[in-house]
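Peer 1: Residue numbers (the numbering used here), protein chains in the order written: chain A, 1 to 277; chain B, 278 to 654.
One or more of the hints may lead you astray.
So, partial list: chain A residues that the calculated Cβ filter (under 7 angstroms) puts toward chain B [as the list claims (entries may be wrong)]:
no.	residue
1	137
2	166
3	171
4	175
5	176
6	189
Label-pair restraints from in silico Cβ distances [to be verified]:
no.	chain 1	residue 1	chain 2	residue 2	range
7	A	87	B	347	53 to 63 angstroms
8	A	29	B	382	33 to 43 angstroms
9	A	87	B	353	34 to 44 angstroms
10	B	336	A	130	30 to 40 angstroms
11	B	384	A	8	41 to 51 angstroms
12	A	98	B	294	21 to 31 angstroms
Output of the computed footprint for chain A on chain B, the stretches with three or more beta carbons under 8 angstroms from beta carbons of chain A [to be verified]:
no.	stretch
13	327 to 339
14	374 to 381
15	466 to 477
Bear in mind the hints are in silico, worked out from the structure with no lab data behind them.
We put the CB at the ideal spot given by N, CA and C, even for glycine.
Residue-level listing of the chains:
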Amino acid sequence: MTRRPAATIAINLVTWAIVLAVAMPLLWMVVTSLKPQSELFRIPPTLIPSTVTFEHYWRVLTETPFLLYFRNSMILSVTTTAVVVVIGTLGAYSLVRFTYPGRETLAGLVLFTYLLPSVVLIIPLYLLMVSLGLANTIASLVIAYTTFALPYALWLLRSFMAGIPEDLESAALVDGASRIGAFVDIILPQALPGIISTALFTFILSWNEYLYALVLVNSDSVRPLTTGVMNMLIASFNIEWSLLMAASVMMSIPLIVIFAFLQSYLTSGFGAGGVKG
Amino acid sequence: MVGVVFDKVRKMFGGVEAIPALDLAIADGEFVSLLGPSGCGKTTTLRMLAGLERPTSGRILIGDRVVNELPPGRRDIAMVFQSYALYPHMTVGENIAYPLRKRGVPRAERPARVRAVAELLELGALLDRKPRQLSGGQQQRVALGRALVRDPQVFLLDEPLSNLDAKLRAHMRAELIELHLRIGKTMVYVTHDQLEAMTMSSRIAVMKGGVLQQFATPAEIYHRPANAFVAGFIGTPSMSLVEAELSADGGRPAVRFGSVAVALPDGHLTAAAAGISALAIGFRPEDILIGEGAYTGTVRVVEPAGHESIVIVEAGGVALTVRVAGDRLLRPGETVPLHVRAERMHVFARDGGHRLNADRPMPGADPLKMTPTKERT
């Protein structure tokens, strides 16, 4: 169907307007982080800074525990992602390929836990971490985030693996692979888009999560970025906006880099053509 | 000697008995087809041989080894799947090399072996391509190559030609026959296409409902079917099977269907026919002749097929399929004389379906001579 030029222009205008509206907070965040303090509350506000300064970035990096919080967030997010991906892929494989009593009940229960609001689990999880001696540790956050990322991971990966033809594994077994060899050589490459989706989801969840981090950890040495930045830059009567914006930009960079790097794996057709009919 | 034996093999799926008790002995170097309609248990049988399904009871032997407890990778078999099952993320060369990798063949040795198989199957120029870049026939040859490269003792093929168009299927049939003649290994081939089974096999195992109906050469199965099911399943066009009664015609034993009575030649029935009057009789399309004859029929349908025509004729209230020369002109509604070659009539018990007519000499050469070097046991 060919559109008239006027309709094409109108659609493009509307689309770009929506993109601009969505991107404006991000854009304003970056612009604010580059403005000198004196320009911050100028009326009228300026979209392009009269002077570009990186002093706020320097101050965040050198005068605050930002790098410590960054390290904690990185350890937390990477560890949670690894745990969820490993358990999720093996668990999903079990749900799809093996037959055992209670398999479908187990799958249903996993889904049920995902339906619970995460906030109702805070107190039970806190008490559990205390009883395990893990309160105020990164490990407590890893366990907490795994609790609500794993159900999603299992269901997503289950549907990916169900779409992988069983003949591929059977062929690998006949060719001499062990069961785990067939899993590594054949299943994992075919499930890669699902694994990457799961990893992205888990990483973003772990990186951005605030409530559990606020409740389960309260020492600077283990605080992640979300609670750490709020704690150091936001007080009752004073918010260091320029430092907050600089910190926010730096917090966003890992997510943008990871997403930009991995999104091509999400869209490439990995499974096409191997099985006929 | 690496033959294959199924010794009272039984397979249950939950409460469903898929295969009650299979006894089958395949000789070394034979090309045996497992033939039957969908759901007859042929693929289950093949998968049990491959180790992808466990028998509920019974033994499976490859050579002298009982392989029930052996994983697929240690049975010295190779399998070509109906879907080809090529690894999509690997190139053609990597697909063919994969079995060598899994068996620990030294890395330096692999390229030469892959190249040798690729040259044999005319895949040399395709080694760097991915499966999705290949045609159906090329994919099928890659699957064959992956099986050949390991030099296994037994080849298993699960309907490998079913996804190909008719012309390519005919070409690949010939290639598979040639391949078997060249390598002389035992091949077990699953198909629902009786033309494939008849043209490629040393012997055919016809199955129905998980039960082996007959295990014999293609000629024997065609000319001496063990029962009505085998008779009706084998042959294109199918045998005309009609219900009949044993009677007397002028003092001679005859079979009667509708208003037609066909006298039985002397000694046509075996002792098993004693006391049985409810029959099913069968005529191959070439055993009824349109021309001079004692019977008449009415042409219902004419299906010209070039070199021959398939004609449906109604006689005695039943429809019979007749094969005539392609230049014979017949019209629907035309009344024609029919000659029935009674000596070639197949007679089965209506209850149970087992054959009641005596063996008759089989025409033509024995397809067993297709097996080049191995003696039949």
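Peer 1: Give a verdict on every hint.
Peer 2: Hint check results:
The beta carbon of residue 137 of chain A is not positioned within 7 angstroms of any beta carbon in chain B (closest approach about 39 angstroms), and the interface hint is therefore violated. Evaluation of the residue 166 of chain A hint against chain B yields a violated restraint, the C-beta minimum of about 9 angstroms exceeding 7 angstroms. The beta carbon of residue 171 of chain A comes within 4 angstroms of a beta carbon in chain B, closer than 7 angstroms, and the hint placing it at the interface holds. With a least beta-carbon distance of about 4 angstroms to chain B, the hint placing residue 175 of chain A at the interface is held under the 7 angstroms criterion.
For residue 176 of chain A, the interface hint holds, since its Cβ comes within 7 angstroms of a Cβ in chain B; the closest pair sits about 3 angstroms apart. A cut of 7 angstroms between beta carbons decides the hint on residue 189 of chain A: the least distance to chain B is about 4 angstroms, and the hint holds. For the pair residue 87 of chain A and residue 347 of chain B, the beta carbons lie near 32 angstroms from each other, so the given range of 53 to 63 angstroms is not met. Restraint check, residue 29 of chain A to residue 382 of chain B: a C-beta distance of roughly 58 angstroms breaks the suggested window 33 to 43 angstroms.
Separated by about 37 angstroms at the C-beta atoms, residue 87 of chain A and residue 353 of chain B satisfy the suggested range of 34 to 44 angstroms. Separated by about 59 angstroms at the C-beta atoms, residue 336 of chain B and residue 130 of chain A break the suggested range of 30 to 40 angstroms. In this structure, residue 384 of chain B and residue 8 of chain A break the distance hint of 41 to 51 angstroms, their C-beta atoms being roughly 56 angstroms apart. The hint said 21 to 31 angstroms for the Cβ distance between residue 98 of chain A and residue 294 of chain B, and at roughly 23 angstroms that hint holds.
Coverage of the stretch 327 to 339 of chain B by chain A holds [criterion: at least 3 residues with CB-CB distance below 8 angstroms; count 3]. Beta-carbon proximity to chain A at under 8 angstroms applies to 4 residues in the stretch 374 to 381 of chain B; the threshold of 3 is reached and the given coverage holds. A stretch counts as covered by a chain when three or more of its residues have a beta carbon under 8 angstroms from one of that chain; for the stretch 466 to 477 of chain B and chain A the count is 0, and the coverage is violated.
Checked against the numbered hints given earlier, this structure breaks hints 1, 2, 7, 8, 10, 11, 15; the rest are met.
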